[in-house]
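> One line per chain: the protein sequences are A and B, in this order.
According to my numbering, numbering within the first sequence proceeds without interruption in unit steps and concludes at 81.
According to my numbering, numbering within the second sequence proceeds without interruption in unit steps and concludes at 558.
For the record, the hints were derived by calculation from the structure and aren't laboratory data.
Glycine included, C-beta positions come from ideal geometry on N, C-alpha and C.
Hints may be right or wrong, so weigh each one.
Per label pair, the in silico range of CB-to-CB distance [said to hold, decoys possible]:
#, chain 1, residue 1, chain 2, residue 2, range
1, B, Phe209, A, Ser78, 38 to 48 angstroms
2, A, Gly53, B, Leu246, 41 to 51 angstroms
3, B, Ser182, A, Leu39, 42 to 52 angstroms
4, A, Leu39, B, Met481, 42 to 52 angstroms
5, A, Ser74, B, Gly476, 47 to 57 angstroms
6, A, Ala16, B, Pro510, 11 to 21 angstroms
7, A, Asp26, B, Glu353, 54 to 64 angstroms
8, A, Lys18, B, Arg217, 50 to 60 angstroms
9, A, Gly53, B, Ala551, 48 to 58 angstroms
10, B, Arg217, A, Ser78, 51 to 61 angstroms
11, B, Leu213, A, Gly53, 42 to 52 angstroms
12, A, Asp70, B, Leu176, 25 to 35 angstroms
13, A, Gly27, B, Ala344, 51 to 61 angstroms
14, B, Leu246, A, Gly27, 26 to 36 angstroms
A few chain A residues that face chain B, going by a derived Cβ cut-off under 8 angstroms, partial list only [said to hold, decoys possible]:
#, residue
15, Pro5
16, Ala16
17, Phe47
18, Gly53
These are the residues of each chain, in order.
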Amino acid sequence: MDQRPAIREFLKDLLATKGDSAQFSDGSSLLLSGRLQSLDAVEIVVFLEEKFGVDFADVGFAQDKIDSVDAIISLLSSSRN
Amino acid sequence: MSVTTTPADLAATGAPRPFRLRLIPPLETYPAVVSFAQTVPGKIALLLLFGAGLKFALPEWKELTLFLALITVFPQHRRLLVTLGMLQWTFLLPLEKTAFSLGLLFPLLMKAGSCLIGGVLFWCAVRFRRSLFGRRPILVLLVGYAAFAYVASVLVGTFRGAALLWSFSGIFAFYLWFIAYALLDRDSKDRDSFGLQLGTFRPFWGSTDTPYPKGSSYLRRIEARSPEQLAVVQLKGLKLLAWALILKEVFSAFQWLIYKQLAIPTFATAFEQSVHRAPYPWFVCWTSLVAAFLEAVLSLSVTGHEIIACCRMAGFAALRNTYRPLQSRTIAEFWNRYYYYFKELLVDVFFYPAFMRYFKKRPKMRLFFATIAAASFGNAYYHFFSEPGTIATLGFWKSMVAFQPYMFYCLVLGVAIGISQLRKRRPIPTGWVRGKLVPSLVVALFYCLLHVFADTSRSYPIHEHFRFLAHLFALRS
């Protein structure tokens with residue numbers, strides 16, 4: 001299953017709740033660039049836990065692991081291995 | 082890489098905005114200026130302007146400008162130069178500026194020892210990833226440091242070397258949070274070597290005990306990767322320095338007006354009078370409190386802007402430390418806007434680990450508990466150990482008892498931010514008065530009142546703080 005569209009859609013909605021409708025690419029930094037804040041990282045974590053069963057207590061957490069669509073895809077593939 | 086640096090800049094990347102009068106023009110949005118800033122004369126002009134501004138901000142402006150020039154000329158060696166800058170600022174400048182003495186040598190050796198321990202810890206965290214330290218390095222670091230400080234405080238005065246041990250615990254505290262960020266970077270695929278991590282241990286562009294701007298991992302993400310990005314970031318750095326200098330003047334004018342012309346007592350004086358049972362009238366105390374709160378906002382803005390301006394000039398698109406805090410509509414938002422890098426430190430070191438581990442089945446409890454872990458516990462831990470002199474003077478346990486006012490401050494802050502975050506999903510009222518003015522005033526009032534307890538000096542017991550608070554509402558004479 002391609003997870004990319006679901007992740008993109010979620011991040012797009014999250015940005016929209018903050019009034020940010022600017023485009024972003026799969027490699028665009030969202031957290032470390034300041035477009036999203038720490039509390040938004042929490043939303044992303046909960047989304048990844050519920051939707052993809054990621055357990056951050058196991059894989060370890062750092063903001064750069066969920067900073068972009070590409071980073072999240074990489075995290076998902078490494079958490080499966 | 083994005084070179085976005087403030088929410089306002091972000092908004093600028095969306096739909097066209099109406100014209101807005103600005104004190105400092107948005108230079109980085111003018112293509113001609115950005116192009117010019119990429120040329121040799123443009124770089125020289127930028128550096129000269131920045132250096133001239135720094136002269137009014139920092140005593141080491143010459144050395145700093147020289148280093149920024151080096152980094153501008155050799156952007157491919159930026160991170161290495163950041164480390165060299167750190168080494169010069171930490172070890173060489175003190176030797177250059179002061180006559181050599183043993184009194185100077187010991188702190189330098191202790192600083193070197195602290196950095197060395199940081200390096201060993203970093204190596205261990207990377208090398209022994211499955212060990213307890215490898216899995217929970219921050220927990221081990223903080224518990225270990227607290228235990229060390231406790232033992233050192235107990236031993237002070239018992240034998241000659243104990244004073245050195247205590248001094249070392251104080252010096253190590255300077256580097257504690259920088260080492261924590263290095264340890265957090267252990268898992269990154271593209272983590273930097275310790276040599277580059279070292280550059281972020283109280284970097285040459287300035288810092289407090291809070292790392293500005295975070296650690297090595299953050300620097301990697303925000304580094305300018307092309308001449309155009311560098312030009313944009315440096316122009317933003319120049320703008321921020323100009324804004325810091327303006328705020329500095331506003332700050333001086335504010336102090337002159339309040340304390341000299343209007344003869345309002347400082348908050349410290351008003352508080353002391355309350356302790357001596359001869360308080361000023363309640364409305365004077367209110368004025369002192371509001372003035373102290375505004376002073377704190379202005380002072381932090383100036384310091385943070387100066388540091389971040391230098392960091393940007395070095396080619397890193399760091400976010401501002403303080404960004405329009407008085408416009409905050411929620412308590413949580415103010416905390417984010419007032420002291421961004423301190424909040425980020427507590428979030429990275431305390432909030433996330435708690436959030437990832439506890440109360441996973443209870444979302445509200447999970448968020449609230451993690452917030453308390455950061456804003457209350459983490460905040461108290463940070464400030465308790467940031468003033469080791471007091472611990473040595475009073476002793477560990479007495480010092481902890483005397484720390485009650487600030488612990489109360491942290492508890493109220495944590496609970497308030499926790500509630501604020503849980504309420505966040507409510508729709509925001511529309512209209513300027515109900516939507517912006519009233520919420521901003523309520524938030525400012527909350528932080529103003531909380532400021533009564535923002536005392537880390539451990540000079541007065543907590544009931545004196547409550548007495549002052551009651552006096553503000555004319556509840557006590």
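> All hints, please: hold or fail.
To see whether the hints hold, each was checked on the structure:
| no. | hint | in the structure |
| --- | --- | --- |
| 1 | Phe209(B) to Ser78(A): 38 to 48 angstroms | 20 angstroms, violated |
| 2 | Gly53(A) to Leu246(B): 41 to 51 angstroms | 48 angstroms, holds |
| 3 | Ser182(B) to Leu39(A): 42 to 52 angstroms | 50 angstroms, holds |
| 4 | Leu39(A) to Met481(B): 42 to 52 angstroms | 31 angstroms, violated |
| 5 | Ser74(A) to Gly476(B): 47 to 57 angstroms | 50 angstroms, holds |
| 6 | Ala16(A) to Pro510(B): 11 to 21 angstroms | 20 angstroms, holds |
| 7 | Asp26(A) to Glu353(B): 54 to 64 angstroms | 59 angstroms, holds |
| 8 | Lys18(A) to Arg217(B): 50 to 60 angstroms | 33 angstroms, violated |
| 9 | Gly53(A) to Ala551(B): 48 to 58 angstroms | 53 angstroms, holds |
| 10 | Arg217(B) to Ser78(A): 51 to 61 angstroms | 20 angstroms, violated |
| 11 | Leu213(B) to Gly53(A): 42 to 52 angstroms | 26 angstroms, violated |
| 12 | Asp70(A) to Leu176(B): 25 to 35 angstroms | 46 angstroms, violated |
| 13 | Gly27(A) to Ala344(B): 51 to 61 angstroms | 58 angstroms, holds |
| 14 | Leu246(B) to Gly27(A): 26 to 36 angstroms | 49 angstroms, violated |
| 15 | Pro5 | 22 angstroms, violated |
| 16 | Ala16 | 11 angstroms, violated |
| 17 | Phe47 | 12 angstroms, violated |
| 18 | Gly53 | 12 angstroms, violated |
In terms of the numbered hints stated before, the structure departs from hints 1, 4, 8, 10, 11, 12, 14, 15, 16, 17, 18, listed from lowest to highest.
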